[in-house]
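**Q** Just so you know, we're using the working numbering here: the sequence shown kicks off at 407 and counts up by one.
A portion of the hints provided could be inaccurate.
Label-pair restraints from in silico Cβ distances [said to hold, decoys possible]:
# : residue 1 : residue 2 : range
1 : Tyr589    : Met639    : 16 to 22 Å
2 : Leu581    : Thr452    : 31 to 37 Å
3 : Gly442    : Glu627    : 30 to 36 Å
4 : Gly442    : Pro559    : 31 to 37 Å
Just so you know, the hints here were simulated from the structure itself, not pulled from any lab data.
All residues carry an ideal CB built from backbone N, CA and C; glycine is no exception.
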Amino acid sequence: MLILVTNDDGVDAAGLSAAAEAMAALGEVFVVAPDGNRSANSHALTLERPLRATELKPNWFSCDGTPADCVHLALNGLLRDRRPDLVLSGFNQGGNLGQDITYSGTVMAAFEATLIGVPALAASVDARGDFEFSGVAWAATVVAREVLAHGLPRATLLNMNAPSLPPARLKGIRLTTQGQRVYGDEIQERVDPRGKKYYWIAGQELGFEPIAGSDMVAVREGYVSLTPLSCDMTDHKFLREMAGRSWTGTT
C-alpha cells in the first residue's frame, strides 16, 4: 500500500511526523506538506505562480503552496505514475469540528484528494496545546486499515477528531454527524506606529450546540468522532421544496 500524508500545520509539525509514523505500519508513506503553517487556508489552490517542491529526505517533500496544492501536486505530479491507496491529512494540532471544516486546510486537503478520486481521511486532535498524538494515531490506524480494505463511496471523505488522550483513556470511536459551533465575532481595531488602523479577526469560540450524535458531543464525552463528509454540497431537501415553487421570473 502507498499512503500520502499531508497537513496544514507545516512540514515540521509534530503531528505530521506522528501521522507518518502511524501510517508506516500499514504501508509505504510519501509525505508532501506545506513549508510553513497554512492553517485556515481552506481549499485554496495557487494559480498565479508556480509551485516549488523540495525533497527534504527520501519520500518527504515540502511545498511552498497550500494544503490542497500539496495534494494536487503529489497526486498529479510527484506520484502521477503511482496512485496512492489513501491520503491522510493530519494530525492537525487543533480540532476541526462542526463548521470548522469550511475553514480547515486539513479537511480540504482530504477533500482535494477525494475530488481526484483517492480515498481520504482528515484527522485532528481537539486541544489548544500539550497535544497527545497516540490516541488519534491508534484511531487513524484502525480507520485507515478499514478504508484500505473496503474503500469509500465516490465523493465521500472521512473527518476524524480525537481528544488529546492516549488510547487507554479513549472510550472508542463513535460515528457522528457534523456539529454546530457557536462563534464570537469580535474584530480588534488597533493603530500602528504610523497612525494607520489595522485589524485582527479575534472572534473566540463560545461553545457548541449540544446536538445528539454530533462530532462535538462525541469528543467532549471522550470518544473519537468519525464523520463521513460529501463533496456534494447540494441541499437536496430544500431542492425538493424549491421544485414546488415558481422560479420562472414571472409574477
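**Q** Given the range 16 to 22 Å, decide if the beta-carbon distance of tyrosine 589 to methionine 639 lies inside it.
**A** Given range 16 to 22 Å: holds, Cβ gap about 20 Å.
**Q** Lying within 30 to 36 Å: is that true of the beta-carbon distance glycine 442 to glutamate 627?
**A** Since the Cβ atoms of glycine 442 and glutamate 627 sit about 35 Å apart, the hinted range of 30 to 36 Å holds.
**Q** Within 31 to 37 Å or not, the Cβ separation of glycine 442 and proline 559?
**A** holds, 34 Å
**Q** That 31 to 37 Å hint for leucine 581 and threonine 452 (C-beta), does it hold up?
**A** Roughly 35 Å apart at Cβ, these two residues keep to the hinted range, so it holds.
Taken one by one, the earlier hints all hold for this structure without exception.
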